[in-house]
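> So the chains spell out like this:
2 protein chains.
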Amino acid sequence: MNRALNFNAGPAALPAEVLIEAQKHLLNFNGTGMSVMELSHRSKPYEEVHDGAISKLRTLMNIPDDYEVLFLQGGASTQFSMVPMNLLKEGQTASYILSGAWSEKALKEAKKVGQTSILASSKESNYNSIPEFTLSDLSSDTAYLHITSNNTIFGTQWQSFPDSPVPLIGDMSSDILSKPIQVDQFGLIYAGAQKNLGPSGVTVVIIKKSLLERSTDALPTMLNYKTYADNNSLYNTPPTIAIYLLKLVLDWVENQGGVTAIEKINDQKAKLLYDAIDESEGFYNGHATLNSRSKMNVTFTLQSEEATKVFLQQAKEEGFVGLNGHRSVGGCRASIYNAVPLENVEKLAEFMKKFSQK
Amino acid sequence: MNRALNFNAGPAALPAEVLIEAQKHLLNFNGTGMSVMELSHRSKPYEEVHDGAISKLRTLMNIPDDYEVLFLQGGASTQFSMVPMNLLKEGQTASYILSGAWSEKALKEAKKVGQTSILASSKESNYNSIPEFTLSDLSSDTAYLHITSNNTIFGTQWQSFPDSPVPLIGDMSSDILSKPIQVDQFGLIYAGAQKNLGPSGVTVVIIKKSLLERSTDALPTMLNYKTYADNNSLYNTPPTIAIYLLKLVLDWVENQGGVTAIEKINDQKAKLLYDAIDESEGFYNGHATLNSRSKMNVTFTLQSEEATKVFLQQAKEEGFVGLNGHRSVGGCRASIYNAVPLENVEKLAEFMKKFSQK
Numbered sequence: 001m002n003r004a005l006n007f008n009a010g011p012a013a014l015p016a017e018v019l020i021e022a023q024k025h026l027l028n029f030n031g032t033g034m035s036v037m038e039l040s041h042r043s044k045p046y047e048e049v050h051d052g053a054i055s056k057l058r059t060l061m062n063i064p065d066d067y068e069v070l071f072l073q074g075g076a077s078t079q080f081s082m083v084p085m086n087l088l089k090e091g092q093t094a095s096y097i098l099s100g101a102w103s104e105k106a107l108k109e110a111k112k113v114g115q116t117s118i119l120a121s122s123k124e125s126n127y128n129s130i131p132e133f134t135l136s137d138l139s140s141d142t143a144y145l146h147i148t149s150n151n152t153i154f155g156t157q158w159q160s161f162p163d164s165p166v167p168l169i170g171d172m173s174s175d176i177l178s179k180p181i182q183v184d185q186f187g188l189i190y191a192g193a194q195k196n197l198g199p200s201g202v203t204v205v206i207i208k209k210s211l212l213e214r215s216t217d218a219l220p221t222m223l224n225y226k227t228y229a230d231n232n233s234l235y236n237t238p239p240t241i242a243i244y245l246l247k248l249v250l251d252w253v254e255n256q257g258g259v260t261a262i263e264k265i266n267d268q269k270a271k272l273l274y275d276a277i278d279e280s281e282g283f284y285n286g287h288a289t290l291n292s293r294s295k296m297n298v299t300f301t302l303q304s305e306e307a308t309k310v311f312l313q314q315a316k317e318e319g320f321v322g323l324n325g326h327r328s329v330g331g332c333r334a335s336i337y338n339a340v341p342l343e344n345v346e347k348l349a350e351f352m353k354k355f356s357q358k
Numbered sequence: 001m002n003r004a005l006n007f008n009a010g011p012a013a014l015p016a017e018v019l020i021e022a023q024k025h026l027l028n029f030n031g032t033g034m035s036v037m038e039l040s041h042r043s044k045p046y047e048e049v050h051d052g053a054i055s056k057l058r059t060l061m062n063i064p065d066d067y068e069v070l071f072l073q074g075g076a077s078t079q080f081s082m083v084p085m086n087l088l089k090e091g092q093t094a095s096y097i098l099s100g101a102w103s104e105k106a107l108k109e110a111k112k113v114g115q116t117s118i119l120a121s122s123k124e125s126n127y128n129s130i131p132e133f134t135l136s137d138l139s140s141d142t143a144y145l146h147i148t149s150n151n152t153i154f155g156t157q158w159q160s161f162p163d164s165p166v167p168l169i170g171d172m173s174s175d176i177l178s179k180p181i182q183v184d185q186f187g188l189i190y191a192g193a194q195k196n197l198g199p200s201g202v203t204v205v206i207i208k209k210s211l212l213e214r215s216t217d218a219l220p221t222m223l224n225y226k227t228y229a230d231n232n233s234l235y236n237t238p239p240t241i242a243i244y245l246l247k248l249v250l251d252w253v254e255n256q257g258g259v260t261a262i263e264k265i266n267d268q269k270a271k272l273l274y275d276a277i278d279e280s281e282g283f284y285n286g287h288a289t290l291n292s293r294s295k296m297n298v299t300f301t302l303q304s305e306e307a308t309k310v311f312l313q314q315a316k317e318e319g320f321v322g323l324n325g326h327r328s329v330g331g332c333r334a335s336i337y338n339a340v341p342l343e344n345v346e347k348l349a350e351f352m353k354k355f356s357q358k
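Chain order of the listed sequences is A and B. Numbering follows the UniProt record's numbering, in which position 148 of the first sequence is assigned residue number 148; successive positions increment by one, without gaps. Numbering follows the UniProt record's numbering, in which position 37 of the second sequence is assigned residue number 37; successive positions increment by one, without gaps.
A portion of the hints provided could be inaccurate.
Because identical chains cannot be distinguished in the list, a pair is counted as satisfied if it fits within a single copy or across any two copies.
In silico DSSO-like links for lysine-lysine, alpha-carbon gap of 27 Å or less [claimed, not checked]:
1. K209 with K179
2. K358 with K56
3. K271 with K24
4. K108 with K226
5. K44 with K56
6. K208 with K111
7. K208 with K309
Calculated directly from the structure, the hints in this document are not laboratory data.
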């Protein structure tokens, strides 16, 4: 099996085991004589997939009972609007910490809904770090505090989370399930699946049940978190094939030993690449400051655009995929989500060393 | 290959050829060494899928150049809100023709957005027909007229469409691509994919370009049709696996000879079941009136609930799947979308005859 060395930022690599399992049963799921995509979403075989995905995510992330796990569509970009539509009331302010382009987009959508403020931002240093902030600066009318836990474009990541006096909302699209977190530090966590959870097309929302009281019936039904909570995310037809693949990815994470084991491998993977950068004596320059480095997206530049071009071209010839930096910042980026095998990262680190020595 | 006799209402049967093709390339799409799900949505191999799906749908449905073809998420239920949010302005009225439960849901969401009216309804006869209406009853402030072209729950279908003086909006989730239609009779057509187009998780919107002018920038970005039109439905990560499967279904329709050929087979399939009902001398009773019968969902009852139960039980034992009527109306329903093979329908008609003779 000739698999690519896939470092795509998202949609990203999936575990080969997941794809093989999906392939095997694509025409006949669980002896039904049907593909999982052909099952009614109200049938028992599908419900087992659906409920199984929810309960496995609960176990892997150790999600407390007073939280709901919901499956939605539309990606994190839709959550940028749903969060304020559901949680921000008139007379309140939604507070945002800006750590990159996705935070900015989240803020932009909140501004359409109500009053907002910026608690901190690292924009002036081209988002090369998670900004410093003081929780006591939050005004008393703050509805929630929004953060982006990992910044795919700039390669920075929160190393720990604050105990916020207001509900903390985390866009965890690019580092959910990459390490153990304490869910009860958050009011709501959301994540598009296409980095660590599965294919694009399903969005996971983990919400504290008490926050559901903020959603009013005046909201469009499909944009109301209560609709999903009250109907086990089956009010309308869910994206069944995406949820099935999500379930397979969760099974795979469990087989790896859970998130604690996954974190150890992720640490190894990140160390390999950051060492290659740090030991290159300035040949490669990491974009992120040391204490904000992301273990999911390693961003770096070479000394000139010309050198970057040659590096990317040779990498491509060696079979590496997805190493171009985001079109908005340039340079290079290696995305090393859960499903990227350690040996592929070793190959990349090796290639980087060889290239810099030439 | 032991395939079920799948008469599910949606998600529904997919062509076996499509599943076989998807299965074959699930780990290595087009020699990339990656699954189609692992491709960047901004990469050439994915773009070919994406643009290929759009252009094939244009060809198959003969969509005029002054219409955009968009891919969204969230199903028809999200369109119930997006249509009025984008197209209904203050001081205008959105008019609805009620032909079933889905029309009612569409109206309910529009009421949250603005002023609405009901041009006609067949609710009093338990939605057993497409209601009569008079276009001249539309008030001069009408923003659009909304219809549901096929009613999955009640088994009724519009046989032709009116030349409306205001933009006609068609929820075609359950009969798109089942027969040739004249797109330019509509201002906007929308359809969840999971009946005739592919798996659940992608929604197709076909919109007349001039209507895009009605969408204001105050809308949430992801709920604004302009976002999709301006970015070729690639503003954020689209549901790539669902769009890929949609593309394969469109290829399959083309291989069948296009929608004209598909319509002929659909006519045959529907005739088989309606004949079985009509020739049963009252053993089976069709729910829909003769001139409103759906060629996608054949709904019928037996003379008692007990008889229905026995029928459904024996059908199940014979391998038929999905024949229960919708939980809101009971009875029986056979959904015979494009991908349900003629021979499966023959088997069902045969079973119905045998059962009634016993």
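> The structure should be examined with respect to each hint, and the outcome stated for every one.
Status of each hint after checking the structure:
1. K209 with K179: within (24 Å within a copy, 46 Å between copies)
2. K358 with K56: neither (48 Å within a copy, 48 Å between copies)
3. K271 with K24: For K271 and K24, neither the intra-copy (35 Å) nor the inter-copy (37 Å) Cα distance is at most 27 Å.
4. K108 with K226: Both ways: K108 and K226 sit 24 Å apart in one copy and 17 Å across, limit 27 Å.
5. K44 with K56: For K44 and K56, the Cα distance is within 27 Å only inside one copy (18 Å; across copies 35 Å).
6. K208 with K111: This pair counts as within: shortest intra-copy Cα distance 23 Å, inter-copy 30 Å.
7. K208 with K309: Neither. Shortest intra-copy (47 Å) and inter-copy (42 Å) distances fail the 27 Å Cα cut-off.
Hints 2, 3, 7 from the earlier list are contradicted by this structure; the remaining hints agree with it.
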